[in-house]
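2 protein chains.
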Amino acid sequence: MPRVVDPVERRRELAEAVWRVIRRDGLEQASVRNVAREAGLSMGSLRHYFDSQSNLLAFALNMVIERIEQRISALDLQADPRLRAERVLAELLPMDAERQAENEVWLAFTARAQADPELRALRDRGYDVLHAGCRRLVQDLLGAGASTDDVDLQAERLHALVDGLAVHAATRPDRNGPERMAALVSRHLDDLA
Amino acid sequence: MPRVVDPVERRRELAEAVWRVIRRDGLEQASVRNVAREAGLSMGSLRHYFDSQSNLLAFALNMVIERIEQRISALDLQADPRLRAERVLAELLPMDAERQAENEVWLAFTARAQADPELRALRDRGYDVLHAGCRRLVQDLLGAGASTDDVDLQAERLHALVDGLAVHAATRPDRNGPERMAALVSRHLDDLA
Numbered sequence: 001m002p003r004v005v006d007p008v009e010r011r012r013e014l015a016e017a018v019w020r021v022i023r024r025d026g027l028e029q030a031s032v033r034n035v036a037r038e039a040g041l042s043m044g045s046l047r048h049y050f051d052s053q054s055n056l057l058a059f060a061l062n063m064v065i066e067r068i069e070q071r072i073s074a075l076d077l078q079a080d081p082r083l084r085a086e087r088v089l090a091e092l093l094p095m096d097a098e099r100q101a102e103n104e105v106w107l108a109f110t111a112r113a114q115a116d117p118e119l120r121a122l123r124d125r126g127y128d129v130l131h132a133g134c135r136r137l138v139q140d141l142l143g144a145g146a147s148t149d150d151v152d153l154q155a156e157r158l159h160a161l162v163d164g165l166a167v168h169a170a171t172r173p174d175r176n177g178p179e180r181m182a183a184l185v186s187r188h189l190d191d192l193a
Numbered sequence: 194m195p196r197v198v199d200p201v202e203r204r205r206e207l208a209e210a211v212w213r214v215i216r217r218d219g220l221e222q223a224s225v226r227n228v229a230r231e232a233g234l235s236m237g238s239l240r241h242y243f244d245s246q247s248n249l250l251a252f253a254l255n256m257v258i259e260r261i262e263q264r265i266s267a268l269d270l271q272a273d274p275r276l277r278a279e280r281v282l283a284e285l286l287p288m289d290a291e292r293q294a295e296n297e298v299w300l301a302f303t304a305r306a307q308a309d310p311e312l313r314a315l316r317d318r319g320y321d322v323l324h325a326g327c328r329r330l331v332q333d334l335l336g337a338g339a340s341t342d343d344v345d346l347q348a349e350r351l352h353a354l355v356d357g358l359a360v361h362a363a364t365r366p367d368r369n370g371p372e373r374m375a376a377l378v379s380r381h382l383d384d385l386a
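If you read the protein sequences in the order shown, they are chains A and B.
Quick note: the first sequence uses the numbering used here, first residue 1, plus one each step.
Quick note: the second sequence uses the numbering used here, first residue 194, plus one each step.
Extracted from the complex, chain A is given alone in its bound form (with noise of 0.2 Å):
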């Protein structure tokens, strides 16, 4: 009897070749071919789900931002605005193996997206996500008497803090682990509340 297939399932396992392929091999090398052959698949059996690699990649890529939201969604946003913001960035930053995959596999996609303008509007997407989230989290801390013109500045400097660690805990694991990421930003959070 054949396995029945979930499809959502199996669009998650290929999205997950193509994360694998990505960290290992680079993004260049997530073709279609290499992504079915990552996935035990044929291209064929592969096409059924994604009509094109460019489709395969955007699922690919959406995936990390759905994850992220995911988490940050389940998270108890009862707490504390110093306490919320701590958990919501530590979901953000590549604190885990699985949040490290998610990181290297969006680097790779901002960087490709640079040139490719099919995938810029979901690299904008994830830009955009991202800076709401941090701007929620200065507002909150700031309180409402910050001036939209301050609660803007320190959510684009929360934010490019955020994505400058990440990318330097993709290239110098060995310095920036999650104890020092967790550090930087609570000695960020203690300056601006």
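Since the hints were made in silico from the structure, they are not lab data.
Where hints are given, some of them may not hold.
Claimed, not checked - Distance ranges between label pairs, derived from CB positions: (1) B:318 <-> A:34: 27 to 33 Å; (2) B:318 <-> A:20: 27 to 33 Å; (3) A:132 <-> B:336: 36 to 42 Å; (4) A:24 <-> B:385: 36 to 42 Å; (5) B:325 <-> A:182: 20 to 26 Å; (6) B:311 <-> A:37: 22 to 28 Å; (7) A:55 <-> B:244: 37 to 43 Å; (8) B:227 <-> A:79: 49 to 55 Å; (9) B:263 <-> A:20: 36 to 42 Å; (10) A:24 <-> B:268: 38 to 44 Å.
Said to hold, decoys possible - Over the 10 Å line for every Cβ pair with chain A, so calculated as not near, a few chain B residues: (11) 202; (12) 229; (13) 237.
Quick reminder that beta carbons are idealized off the backbone N, C-alpha and C, glycines included.
Since chain A is already given, all that's left is putting chain B on it; use the hints.
Same frame as chain A, now just chain B:
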């Protein structure tokens, strides 16, 4: 009479052709063939200067680091620490077209180096140059009384901010122009001092 070609100049021209291909078409398109075409040379002529694509890419990446180092060493470093910090950081950030080009090339290499051990040593050198520069600025700003731990933490924080801003300037130039980056850096230095 054939044009006399300065080999140093020719290598520089070829590196600039690499940059143009990377920015327009992506790093995966920077083959020896495509770069030779971009520079208006035969593949044979290109191989006279670079015997492999790997050497060509490494030279083009190294030129980013060298240009930044040259601009910083040309600055008047007798100024006061705060002014010095602003001027050095302005050389690291993509404040004009030349530095935007360097920044986009650097981001492409950063992503590629993740899956290419040959390029990783150069990327790490870039990290080290920037990190050491940030550390010197922070040391001078905090003064002799600051603890080593504090200098280290603030150096990484400044370095992450600079790299995050550089990523944002490449991905969302409309929202992260030169004036905005200068204002963010200035605010960060205010808080540091």
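To see whether the hints hold, each was checked on the structure:
{"no.": "1", "hint": "B:318 <-> A:34: 27 to 33 Å", "result": "31 Å, holds"}
{"no.": "2", "hint": "B:318 <-> A:20: 27 to 33 Å", "result": "28 Å, holds"}
{"no.": "3", "hint": "A:132 <-> B:336: 36 to 42 Å", "result": "38 Å, holds"}
{"no.": "4", "hint": "A:24 <-> B:385: 36 to 42 Å", "result": "40 Å, holds"}
{"no.": "5", "hint": "B:325 <-> A:182: 20 to 26 Å", "result": "24 Å, holds"}
{"no.": "6", "hint": "B:311 <-> A:37: 22 to 28 Å", "result": "24 Å, holds"}
{"no.": "7", "hint": "A:55 <-> B:244: 37 to 43 Å", "result": "39 Å, holds"}
{"no.": "8", "hint": "B:227 <-> A:79: 49 to 55 Å", "result": "53 Å, holds"}
{"no.": "9", "hint": "B:263 <-> A:20: 36 to 42 Å", "result": "40 Å, holds"}
{"no.": "10", "hint": "A:24 <-> B:268: 38 to 44 Å", "result": "42 Å, holds"}
{"no.": "11", "hint": "202", "result": "27 Å, holds"}
{"no.": "12", "hint": "229", "result": "19 Å, holds"}
{"no.": "13", "hint": "237", "result": "26 Å, holds"}
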